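Residue numbers (our numbering), protein chains in the order written: chain A, 3 to 217; chain B, 3 to 217; chain C, 3 to 217; chain D, 3 to 217; chain E, 3 to 217; chain F, 3 to 217; chain G, 3 to 217; chain H, 3 to 217.
A portion of the hints provided could be inaccurate.
Said to hold, decoys possible - With a straight-line Cα cutoff of 25 Å, these simulated SDA-like cross-link-like pairs (lysine to any residue) come out:
(1) F/211 to G/108
(2) E/211 to D/53
(3) H/10 to E/143
(4) B/7 to C/183
(5) A/10 to G/108
(6) B/73 to B/118
(7) G/73 to F/81
(8) A/211 to G/73
(9) F/7 to G/108
(10) H/131 to E/107
(11) H/73 to A/77
(12) C/211 to B/214
Claimed, not checked - Here are a few chain H residues that sit away from chain G, every Cβ distance over 12 Å (derived from the structure):
(13) 25
(14) 30
(15) 37
(16) 70
(17) 74
(18) 111
(19) 116
(20) 121
(21) 127
(22) 134
(23) 155
(24) 165
(25) 170
(26) 171
Said to hold, decoys possible - With the C-beta cut set under 7 Å, the calculated list includes, among others, these residues of chain E facing chain C:
(27) 30
(28) 55
(29) 57
Think of the hints as simulated: they come from the structure by calculation, not from any bench.
Since the structure is predicted, the reported quantities are computational estimates derived from the model, not experimental observations.
Ideal placement from N, C-alpha and C gives every residue a C-beta, glycine not left out.
8 protein chains.
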Amino acid sequence: MLFEKNDKILFIGDSISDYDRARPVGEGLFNAWGTSYVSCVGATLCSAYPELNLRVVNMGIGGNQVRDLQKRWRTDVIDLHPDWVSVLIGINDVWRQFDSPQMPETHVSPEAFEEGYAQLIDQTLPAVKGMILMSPYFMEPNRQDPMRARMDEYGAIVRRLAEKNGLLFVDLQAAWDELFRYMHPCNIAWDRIHPNQIGCMHIARQFLKAVGADR
Amino acid sequence: MLFEKNDKILFIGDSISDYDRARPVGEGLFNAWGTSYVSCVGATLCSAYPELNLRVVNMGIGGNQVRDLQKRWRTDVIDLHPDWVSVLIGINDVWRQFDSPQMPETHVSPEAFEEGYAQLIDQTLPAVKGMILMSPYFMEPNRQDPMRARMDEYGAIVRRLAEKNGLLFVDLQAAWDELFRYMHPCNIAWDRIHPNQIGCMHIARQFLKAVGADR
Amino acid sequence: MLFEKNDKILFIGDSISDYDRARPVGEGLFNAWGTSYVSCVGATLCSAYPELNLRVVNMGIGGNQVRDLQKRWRTDVIDLHPDWVSVLIGINDVWRQFDSPQMPETHVSPEAFEEGYAQLIDQTLPAVKGMILMSPYFMEPNRQDPMRARMDEYGAIVRRLAEKNGLLFVDLQAAWDELFRYMHPCNIAWDRIHPNQIGCMHIARQFLKAVGADR
Amino acid sequence: MLFEKNDKILFIGDSISDYDRARPVGEGLFNAWGTSYVSCVGATLCSAYPELNLRVVNMGIGGNQVRDLQKRWRTDVIDLHPDWVSVLIGINDVWRQFDSPQMPETHVSPEAFEEGYAQLIDQTLPAVKGMILMSPYFMEPNRQDPMRARMDEYGAIVRRLAEKNGLLFVDLQAAWDELFRYMHPCNIAWDRIHPNQIGCMHIARQFLKAVGADR
Amino acid sequence: MLFEKNDKILFIGDSISDYDRARPVGEGLFNAWGTSYVSCVGATLCSAYPELNLRVVNMGIGGNQVRDLQKRWRTDVIDLHPDWVSVLIGINDVWRQFDSPQMPETHVSPEAFEEGYAQLIDQTLPAVKGMILMSPYFMEPNRQDPMRARMDEYGAIVRRLAEKNGLLFVDLQAAWDELFRYMHPCNIAWDRIHPNQIGCMHIARQFLKAVGADR
Amino acid sequence: MLFEKNDKILFIGDSISDYDRARPVGEGLFNAWGTSYVSCVGATLCSAYPELNLRVVNMGIGGNQVRDLQKRWRTDVIDLHPDWVSVLIGINDVWRQFDSPQMPETHVSPEAFEEGYAQLIDQTLPAVKGMILMSPYFMEPNRQDPMRARMDEYGAIVRRLAEKNGLLFVDLQAAWDELFRYMHPCNIAWDRIHPNQIGCMHIARQFLKAVGADR
Amino acid sequence: MLFEKNDKILFIGDSISDYDRARPVGEGLFNAWGTSYVSCVGATLCSAYPELNLRVVNMGIGGNQVRDLQKRWRTDVIDLHPDWVSVLIGINDVWRQFDSPQMPETHVSPEAFEEGYAQLIDQTLPAVKGMILMSPYFMEPNRQDPMRARMDEYGAIVRRLAEKNGLLFVDLQAAWDELFRYMHPCNIAWDRIHPNQIGCMHIARQFLKAVGADR
Amino acid sequence: MLFEKNDKILFIGDSISDYDRARPVGEGLFNAWGTSYVSCVGATLCSAYPELNLRVVNMGIGGNQVRDLQKRWRTDVIDLHPDWVSVLIGINDVWRQFDSPQMPETHVSPEAFEEGYAQLIDQTLPAVKGMILMSPYFMEPNRQDPMRARMDEYGAIVRRLAEKNGLLFVDLQAAWDELFRYMHPCNIAWDRIHPNQIGCMHIARQFLKAVGADR
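All chains, please: the whole structure from these sequences, using the hints.
In structure tokens:
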């Protein structure tokens, strides 16, 4: 298993991570993790590895794009001194291109996405044991769908960044695709983005598998 | 134009019609029509044909399937003595097959759908000037998507029933398909079912075109 | 049709435009246009001219008079870089003279109204493709009513400003008068100012006709 | 002064009387009279004639027409054993004809109004010391306005019924007309029906004058 | 009658005046006067003297003592340029001495009360046509009750200040005493301070009598 | 001490007992006793006599008069099988005579009060170890006040009934009178009826003294 | 793995299962499972075994004891035709003995518990593929604590019933004891009963292990 | 009895004192003391010693640790000029070590606790008549429980500080232990920290005994 005794694992991202987590810091009493995949991961790690005394923090904020993470990276990631940082970003960078096509200022181009994401990694690596990058996704089985195709582009960027930096990469898009062999996307998320409890657990399970938490 | 002076036009269906209409009868003061396509249609008719003194009633109820309409058809349609009845039903009959595959009691088969729908028509025609049938739809451009394919089946049933009974048929699925040439579905509805204001107006415009309201 | 591909059309005014639009900017997801005539216009344009990818923004604020627009014109109009600006102002400038006669500081004289309005136009014209001016109105059929008479004065000012600057003028007062041939004002607005859904659509239809949107 | 020691005076009518009175009976602790003219009358009588120990009850219900009063007259008037009954009804009987012209079942014809009203009086007179009838009104100065003209018809019916039965008649329409010599209707009621505090007091003052309460 | 055409009359005081008046200024649309005696006075004046176009403003704030008025006198009285100022203060100056005996910092001594009140008058008189002073009161019939006796002291101070400055004095304590010949205080106010609607009207009637408003 | 191991003590009365106790039965988890003197008594007994395992139940209901107790005595007292019943009733029987003098149907005469109270006792005594009667009270130091004088009459009735039946009598009126030597009633209750926390504890202390709970 | 394609698994119990599940049936859209261990189980099964199309239903109700299950077993279990029934009951049967010692009617004796539980099993077994029994628990590490000792008695009853009927038994008490080697109970539940997210996941993991769901 | 006429007694601490007290200062009208032991103490003192006119102030804030008291000691204690200060702190200093073991920054070591507490005492003694120190506690009967053992350490620190400074010490832990001879902790507090009404009264009774309030 990747994590060691007393490690602090920080999750950051958009609404998929947020799901009503506590402010300003998503950690501690009263289910401060919210109800996203982060709480599934945190609860599983604490239940399965109680001897490790792991510390899980959820810093997701709904609607965030990579450039929002850049603005708050110092206070919301670096200053919290995590041992590990898990990132799930990019969905809103793409989504706005399709649900708000008239508003180009809400779009993030692949170039800006890659550059911004790379800066986050560069800022973080010197200070942590490692990072886990999760692919943005669109729960659309049809790869010809233009938003799916676009999301795949961004997913490929994240994969490339992970490979370049030797980081763990969790391919959520592939995980959904596997699931869609048995069920329609609307069994997981009406809007093909925000997973229900099944979907949150599915993300968590991909993460846990990637970090070798197999108890 | 189809409608004549003092005609009463009743719309019935599911959440697509409902959109917070007044209870028990969606008619009268305080925007009782709610905010669905029904209010777009009603407002346009009253603005464009003020001399006709038309009466528009919204009887949609969220979540309804054809069998729910059957149960309330007497009180919610016949007893209100409409001159025209417009029906938009079938979406939930199909949707549950995909978002709740484990719960077959929530599914309505094509046969049950057709039979139930036909009974509604038979009960109504003797008492009205006419009916307008709107196709159920799924805002999914990919015709190979299983839910889209399934919805097309139900749409075909509605079209067949309209033709058989000589009724106006409004092909909403075709109207969305046309729109998707220029925009992604998520610009109209995040869940591909419940239209935003653009989508409500788009439905209303198909209806108005069908009834010849071209002022 | 007046508008061209990718044009941004900004609507500004008082509560008649506002109707619960999003803050700070009335544009984007979650029906940010509110429920006024602006959403009827925006939804119709996007439904009928999907290929134009038009951008509609609602910047109305309830209770505004011309002097309120002057204070926020820089941030709320100019800085948003619209291609077209549609203005509907003047109702509160007059109304306060009649519902708050004891409070002269809430009244705006015709001179101040004209001067303020002219300044708005002068500031805007260099930066846009054009402006559309809508007349303030009072849904009072009796032209001898003192508030109607007063409102007609202000409407005449707006018409004069439109003509002087070669701008489109939408005569809403005339549109209501036409409607009142068939119905009493209280069928449109209990307070003779704030239109119900029929009235909102009626305003929208006058606007659409004026800009040549006839699909 | 009309009223005598320990007299119970019951007010009945529509929203103009109701104004959030207590249910089921509008009498007693915690400002149970609501905030309509009834509380102005009740408070003035109790302040000015404390030695009379008068009892004031408000039984108005918003939206009521004469036929609604008929249905609840037994429980809401007769069974409460008032010494005096004051009636203000008819506004909704007329208003619906103009704000809901498409819905004839919401209209009350002059004949039905007169007959219903006459029955109320006949049922009541044997059991009380007297009745006070207040004219329905529309705060429209223009007597040519069709709703004003219609309301005047109903006001005339009430006056006729009062005269025929030797009852006190309070001409509220005339009282508003007098007031409109100095102010516009919108200074009293935005919808020309529901008075603000000035209007409530104005109704109360007409009533008090009529019953000779001049302290 | 004391007031002349277009006069502005400002009422200031504590919760007895406040009763949910609008902030920051208790004047204008939507019953901004609240529901205290101020609205009874305002409504009566506007109903009875419509030709005078009087302007009534309510600036009461719950819990205020004379020293609170001093702090806000500039902004809440002088800067609003009233023609007449009516003051009802002193109840909380005394009440705290009895309901919070342990907290001397919440008490206002007679000397501080008189001095503070005198300063308010001195600041105001040069700028207005006149002031009306209302006595603080305690709805306790028993003059031997220590709080009643104390309140009478403060009432005497107000009377003395009125006489010294030639101002109208409204003796509310005497008005309650008169009323208590016929009813127990708990018929007016459960806490012997905050009047119900009867009590508010009673205060208003004393004021109106004092200013000669006898229509 | 009066109570023995496992005794169940039931308190019944009006709002003075109620103070937001749980429904339908005021006993058990989540502070079901509410916040009246009953919780002060219950908490003190359980803290001071933990070995007795006493059971305290609060069955007060706001606004109750003796006749309301009669209606619910079977279900709310007898059926709960208490060992001891403590009654505090009579305040509303008197209060209504003074705060609602116009409404004689809300008054309870001394005769009706005594007869009703006696019936409660007769019904209860055979089934319990004993009863404690608490005097109704009015926190008015002036015995000449008519409501205080009237309340004293009812207090005397309760004392007489206690003596006649050999029951414990708790003279709350006397306890307040003692307290008023040092403080004004408004330090205990603004309305002279509903005690604040000091007053609730004061009632509880009288009760505890009467039953000999002196730990 | 225990479950087969299309199996329906029903969970029943008290608040530990309930955690805000949907009413009347805890199944379907909008996270109807609530947030207890049931949702952790359901989500994991659907994520890990998508090809099985399993159906999970949560019928827990807060505060339930075994006798409450008996009353609703017909409608809430049998009539829903589950293939498997998982039961977690007994906590409240014991807890009331300690948090409400004065109220014996809220206690359930071991005999009544065993008899009631056995009846549930007897009623169910003929109609299902199998049952899973989970031990009631108290998150108290000290086995000498009287409530822990008592709970262990009830846990032993459940184990005995499972063995007697050849059913799966999930020993939650043992699972907590294992966890308490590494953390204090208050890291899982402040009241030692209601688990936080870690605790819910821990219960779920015991269940999943027991049924052989090891993907 | 310790307290003298007009003494001001200030209570400070964490949620055990707070229980919804008024902000910013927990003193005065409207039950500003909240519902903790502080109100039991205050109410008892005012009821039993009315001639002393004592002043009780509650300054508890939920979640506070000793270091939080240090930050607000100047404004919340010294500046209020109490004659006596009663402190109940330390529970959260220990609790976080057990419910949030991963978050060491939320823990307060015994050394830091003692040093911080000593500073509070040193700052205060010169300005007051005396201080009362109450032991932090954990309602855990088992002294081997690690959190109980840890809390006992902190309790010993408080006792030592009291002795060293000659202050009254109230041993709440001992008082709970005594109570647990007769009842389980969950009869007082589900989470073993926050007492119900019985527990609040129990704390209050220890305090009152310590200060010699035995009336």
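Hint-by-hint comparison with the structure:
no., hint, result
1, F/211 to G/108, "violated, 31 Å"
2, E/211 to D/53, "holds, 20 Å"
3, H/10 to E/143, "violated, 34 Å"
4, B/7 to C/183, "holds, 16 Å"
5, A/10 to G/108, "violated, 45 Å"
6, B/73 to B/118, "holds, 10 Å"
7, G/73 to F/81, "holds, 23 Å"
8, A/211 to G/73, "violated, 44 Å"
9, F/7 to G/108, "holds, 19 Å"
10, H/131 to E/107, "holds, 21 Å"
11, H/73 to A/77, "holds, 24 Å"
12, C/211 to B/214, "holds, 18 Å"
13, 25, "holds, 25 Å"
14, 30, "holds, 32 Å"
15, 37, "holds, 19 Å"
16, 70, "holds, 20 Å"
17, 74, "holds, 26 Å"
18, 111, "holds, 17 Å"
19, 116, "holds, 23 Å"
20, 121, "holds, 29 Å"
21, 127, "holds, 35 Å"
22, 134, "holds, 28 Å"
23, 155, "holds, 15 Å"
24, 165, "holds, 30 Å"
25, 170, "holds, 30 Å"
26, 171, "holds, 26 Å"
27, 30, "holds, 6 Å"
28, 55, "holds, 6 Å"
29, 57, "holds, 4 Å"
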